[in-house]
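Asks: Please model the complete structure; the sequences and the hints are all you need to start from.
Chain residues, written in single-letter form:
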Amino acid sequence: MPDNSRNIYGVLAEFDGPASLLKAARQMREAGFTKYDCHSPFAIHGMDKAMGLKRSPLGYFIGTVGLTALVGMTYFIYWTSAVDYPLVISGKPYFSYQAFVPVIFAITILFSAITATLGMFILNRLPQLFHPLFNSPQFKKVTDSGFFVSVEASDPKFNKVETVSFLQTIGATEVELIGDEQ
Amino acid sequence: MSSQAENTGAVYTDEILFPGNPTFESITESVSRIPEARKTPRAWWVLFSISLALAGMLVAMIGYLFWEGIGIWGVQIPVGWGWAIVNFVWWVGIGHAGTIISAILFLLRQRWRTSINRFAEAMTIFAVICALIFPSIHVGRAWVLYWTMPFPNQMDLWPNFRSPLLWDAFAVGTYFACSFMFWYVGLIPDLATLRDRAINRIKKILYGIFSLGWRGGNRQWRHYELAYLVLAGISTPLVLSVHSIVSTDFATSIVPGWHTTIFPPYFVAGAIFSGFAMVMTLSVIARKIYNLEHIITPKVLERMNLIMLVTGSMVGYSYAMEFFIAWYSGNEIEQFTFINRAFGPYAWAYWIMISCNVLVPQLFWFKRFRTSIPVMFVASILINIGMWFERFVIVMSLARDYLPSSWDYYSPTVYDVGIYIGSIGLFFTLFLLFLRFMPMVAMSEVKGVLPQADPHYGEKAHA
Numbered sequence: 166m167p168d169n170s171r172n173i174y175g176v177l178a179e180f181d182g183p184a185s186l187l188k189a190a191r192q193m194r195e196a197g198f199t200k201y202d203c204h205s206p207f208a209i210h211g212m213d214k215a216m217g218l219k220r221s222p223l224g225y226f227i228g229t230v231g232l233t234a235l236v237g238m239t240y241f242i243y244w245t246s247a248v249d250y251p252l253v254i255s256g257k258p259y260f261s262y263q264a265f266v267p268v269i270f271a272i273t274i275l276f277s278a279i280t281a282t283l284g285m286f287i288l289n290r291l292p293q294l295f296h297p298l299f300n301s302p303q304f305k306k307v308t309d310s311g312f313f314v315s316v317e318a319s320d321p322k323f324n325k326v327e328t329v330s331f332l333q334t335i336g337a338t339e340v341e342l343i344g345d346e347q
Numbered sequence: 025m026s027s028q029a030e031n032t033g034a035v036y037t038d039e040i041l042f043p044g045n046p047t048f049e050s051i052t053e054s055v056s057r058i059p060e061a062r063k064t065p066r067a068w069w070v071l072f073s074i075s076l077a078l079a080g081m082l083v084a085m086i087g088y089l090f091w092e093g094i095g096i097w098g099v100q101i102p103v104g105w106g107w108a109i110v111n112f113v114w115w116v117g118i119g120h121a122g123t124i125i126s127a128i129l130f131l132l133r134q135r136w137r138t139s140i141n142r143f144a145e146a147m148t149i150f151a152v153i154c155a156l157i158f159p160s161i162h163v164g165r166a167w168v169l170y171w172t173m174p175f176p177n178q179m180d181l182w183p184n185f186r187s188p189l190l191w192d193a194f195a196v197g198t199y200f201a202c203s204f205m206f207w208y209v210g211l212i213p214d215l216a217t218l219r220d221r222a223i224n225r226i227k228k229i230l231y232g233i234f235s236l237g238w239r240g241g242n243r244q245w246r247h248y249e250l251a252y253l254v255l256a257g258i259s260t261p262l263v264l265s266v267h268s269i270v271s272t273d274f275a276t277s278i279v280p281g282w283h284t285t286i287f288p289p290y291f292v293a294g295a296i297f298s299g300f301a302m303v304m305t306l307s308v309i310a311r312k313i314y315n316l317e318h319i320i321t322p323k324v325l326e327r328m329n330l331i332m333l334v335t336g337s338m339v340g341y342s343y344a345m346e347f348f349i350a351w352y353s354g355n356e357i358e359q360f361t362f363i364n365r366a367f368g369p370y371a372w373a374y375w376i377m378i379s380c381n382v383l384v385p386q387l388f389w390f391k392r393f394r395t396s397i398p399v400m401f402v403a404s405i406l407i408n409i410g411m412w413f414e415r416f417v418i419v420m421s422l423a424r425d426y427l428p429s430s431w432d433y434y435s436p437t438v439y440d441v442g443i444y445i446g447s448i449g450l451f452f453t454l455f456l457l458f459l460r461f462m463p464m465v466a467m468s469e470v471k472g473v474l475p476q477a478d479p480h481y482g483e484k485a486h487a
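Top line first, the protein sequences correspond to chains P and X.
So the first sequence is numbered by the working numbering: it starts at 166 and just counts up by one.
So the second sequence is numbered by the working numbering: it starts at 25 and just counts up by one.
Take these hints with a grain of salt, some might be off.
[Claimed, not checked] Taking lysine-lysine and the DSBU-like style, the derived pairs with C-alpha atoms no more than 30 Å apart in a straight line are:
1. P:Lys188 with P:Lys322
2. P:Lys306 with X:Lys391
3. P:Lys306 with X:Lys63
4. P:Lys322 with P:Lys214
5. X:Lys63 with P:Lys305
6. X:Lys312 with P:Lys306
7. P:Lys305 with X:Lys391
8. P:Lys305 with X:Lys227
9. P:Lys306 with P:Lys322
10. P:Lys188 with P:Lys200
11. X:Lys228 with P:Lys306
12. P:Lys257 with P:Lys325
13. P:Lys306 with P:Lys200
14. P:Lys306 with P:Lys188
15. X:Lys63 with X:Lys312
16. P:Lys257 with P:Lys188
Note that these hints are calculated values from the structure, not bench results.
Replies: Pasting the structure below:
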């Protein structure tokens with residue numbers, strides 16, 4: 166097992182497939198680890214439950230921003246068409262809301278989509294171009310066919326020796342220590 | 025079938041999506057080798073130089089248009105809308121299939137979509153770029169396009185939010201932005217794959233920046249999956265609304281043949297129809313050039329043909345229903361317009377439309393034809409021609425409006441034709457660049473639907 170650094174970020178353990186990663190995630194949670202993550206080339210069904218993660222709060226952000234955009238745009242169109250510069254167009258009332266639906270709808274969708282994208286980036290702390298895990302050459306496999314568990318040294322349950330042997334007992338095929346410097 | 029699937033009520037089929045049991049590695053390899061190839065295929069260079077030349081022609085002709093004005097086109101009064109609006113509607117319609125594949129089929133859990141969704145989404149973005157050119161240059165003074173946006177100005181004026189043309193600006197603009205975000209979010213894990221495989225320093229840096237430092241941890245995946253689901257969920261009503269709004273450009277004007285309530289669903293069906301035809305054309309070419317026959321399988325192509333059969337028949341039904349309603353309305357001018365479409369000066373266009381859009385897709389009733397690659401390739405091109413003529417037929421209702429003294433025959437000029445062909449050149453330029461530098465199949469999604477991606481794969485099946 167290579168130990169190539171004095172300052173340790175944590176441990177990286179490789180598993181041989183989605184099934185063993187899912188099992189490992191459950192055992193990590195049961196053993197009381199909190200600062201660990203399970204890395205895979207694609208999202209694995211049931212992983213949130215195995216890791217004891219709640220549903221992402223992103224939906225609430227999107228809902229809030231979307232509703233705000235809906236109300237805000239409705240008010241803005243009302244204000245421009247009926248208050249600030251009322252114009253009679255084709256004999257319609259100033260606030261003929263039916264004709265305003267398409268624009269209000271488009272703006273609601275636009276702001277919701279922006280929130281979904283940027284909110285996901287913020288919750289995932291992206292962009293984060295460097296991460297200590299990238300120090301491991303093995304970790305490159307994660308976007309191809311590799312399945313990994315990473316445990317941070319800042320986890321209260323972390324112990325350099327015990328965590329490594331624990332990972333080996335739950336089926337890791339390879340375990341390495343990760344330094345936190347480039 | 026695993027017991028969990030039964031418990032959750034999920035519908036699993038034992039159908040094999042990808043023949044030859046691909047592994048995770050083989051999927052990565054067969055997709056990534058395309059943008060990683062040191063040598064660009066000769067066919068790519070040939071197509072790219074032609075497309076780039078046509079795109080150059082587009083830029084030059086638009087430059088001349090700005091200098092001289094839209095009088096260089098064949099537009100006149102009453103045909104104030106010529107090829108520009110035909111091309112606009114045609115391109116927006118093509119874009120729709122990408123969103124249908126990526127959003128609606130995602131919500132419907134159609135797992136076969138994973139092999140075509142990436143480049144269908146790319147097609148959407150490039151088609152919408154081409155579409156946006158036409159109304160922008162048709163306004164004549166393109167440098168004051170920003171007047172469509174509400175902003176405080178010295179005249180204290182606001183845009184007229186009741187105008188369908190303004191709806192277009194908002195709807196198509198939003199559509200472009202949402203499609204782009206959807207596409208980019210989907211690309212992040214695959215760009216990370218290219219980052220991790222890159223050997224060349226420049227590629228390492230560029231793919232590294234655009235993959236944002238993706239690590240594939242489940243703490244990232246859970247936000248990612250929800251964002252993707254929401255983007256799919258909101259793109260679905262959006263895509264249906266965009267072409268409905270485009271159709272209101274016509275339907276809200278009091279022009280015979282345009283002022284009908286059938287337009288929104290009829291346009292949406294036509295958009296899906298032509299968009300799938302374009303995806304078909306592109307995927308038949310791409311899978312052949314890049315040997316992706318095992319990922320874009322004949323089964324996927326057959327399903328796209330079935331969608332074309334359904335939407336093509338809906339379009340055919342709409343043509344018939346328009347005719348029926350024109351007769352049933354008892355409105356003489358409406359009746360004249362439809363008889364004029366079928367037997368008037370533009371009858372040739374009408375019958376091209378009927379043969380390409382209604383008759384050609386009927387071939388797909390037969391398994392022999394819908395599984396034959398040459399047949400579907402030719403049919404997809406004919407359908408796109410037919411769909412262009414559909415919009416042409418509709419717009420040409422203008423040539424014979426209420427006032428017979430102003431009737432005229434509309435003919436395009438070389439600039440109408442040149443700008444249209446140039447936009448096709450621009451589309452293929454962008455598309456070929458995409459094929460060359462980006463992963464054209466969503467690798468992480470394909471891996472996610474492989475049988476071995478299921479954590480219960482290999483467990484004993486419970487009866």
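Asks: Hint by hint, note whether the structure agrees.
Replies: Structure-based check of all given hints:
Restraint check: the Cα-Cα separation between Lys188 (chain P) and Lys322 (chain P) comes to about 19 Å, which is no more than 30 Å; the hinted pair holds. A distance of roughly 42 Å separates the Cα atoms of Lys306 (chain P) and Lys391 (chain X); the hinted pair therefore is violated under the 30 Å criterion. At roughly 25 Å between alpha-carbon atoms, Lys306 (chain P) and Lys63 (chain X) fall within 30 Å of each other, so this suggested pair holds. Proposed proximity of Lys322 (chain P) and Lys214 (chain P) is supported: the alpha carbons are some 21 Å apart, at most 30 Å.
A C-alpha spacing of about 25 Å is found between Lys63 (chain X) and Lys305 (chain P), which places the hinted pair at or below 30 Å, so the restraint holds. Among the hinted pairs, Lys312 (chain X) with Lys306 (chain P) is consistent with the structure: their alpha-carbon atoms are about 29 Å apart, no more than 30 Å. Only pairs whose Cα atoms come within 30 Å are accepted, and Lys305 (chain P) paired with Lys391 (chain X) is rejected, the gap being roughly 44 Å. For the given pair, Lys305 (chain P) sits about 15 Å from Lys227 (chain X) by alpha-carbon distance, which is consistent with the 30 Å threshold.
As the CA atoms of Lys306 (chain P) and Lys322 (chain P) are separated by approximately 27 Å, the hinted pair is consistent with the 30 Å bound. For the hint pairing Lys188 (chain P) with Lys200 (chain P), the CA-to-CA distance comes to about 17 Å; that is within 30 Å, so the pair holds. At most 30 Å may separate the alpha-carbon atoms for a hinted pair to count; Lys228 (chain X) and Lys306 (chain P) meet this at roughly 15 Å. A C-alpha spacing of about 75 Å is found between Lys257 (chain P) and Lys325 (chain P), which places the hinted pair above 30 Å, so the restraint is violated.
Only pairs whose Cα atoms come within 30 Å are accepted, and Lys306 (chain P) paired with Lys200 (chain P) is accepted, the gap being roughly 22 Å. Our distance criterion of 30 Å between C-alpha atoms is met by Lys306 (chain P) and Lys188 (chain P), whose separation comes to about 20 Å. For the proposed pair Lys63 (chain X) and Lys312 (chain X), the alpha carbon gap of about 17 Å is at most 30 Å, so the pair holds. In summary, the hint linking Lys257 (chain P) to Lys188 (chain P) is not supported, as the alpha carbons are separated by about 65 Å, beyond the 30 Å threshold.
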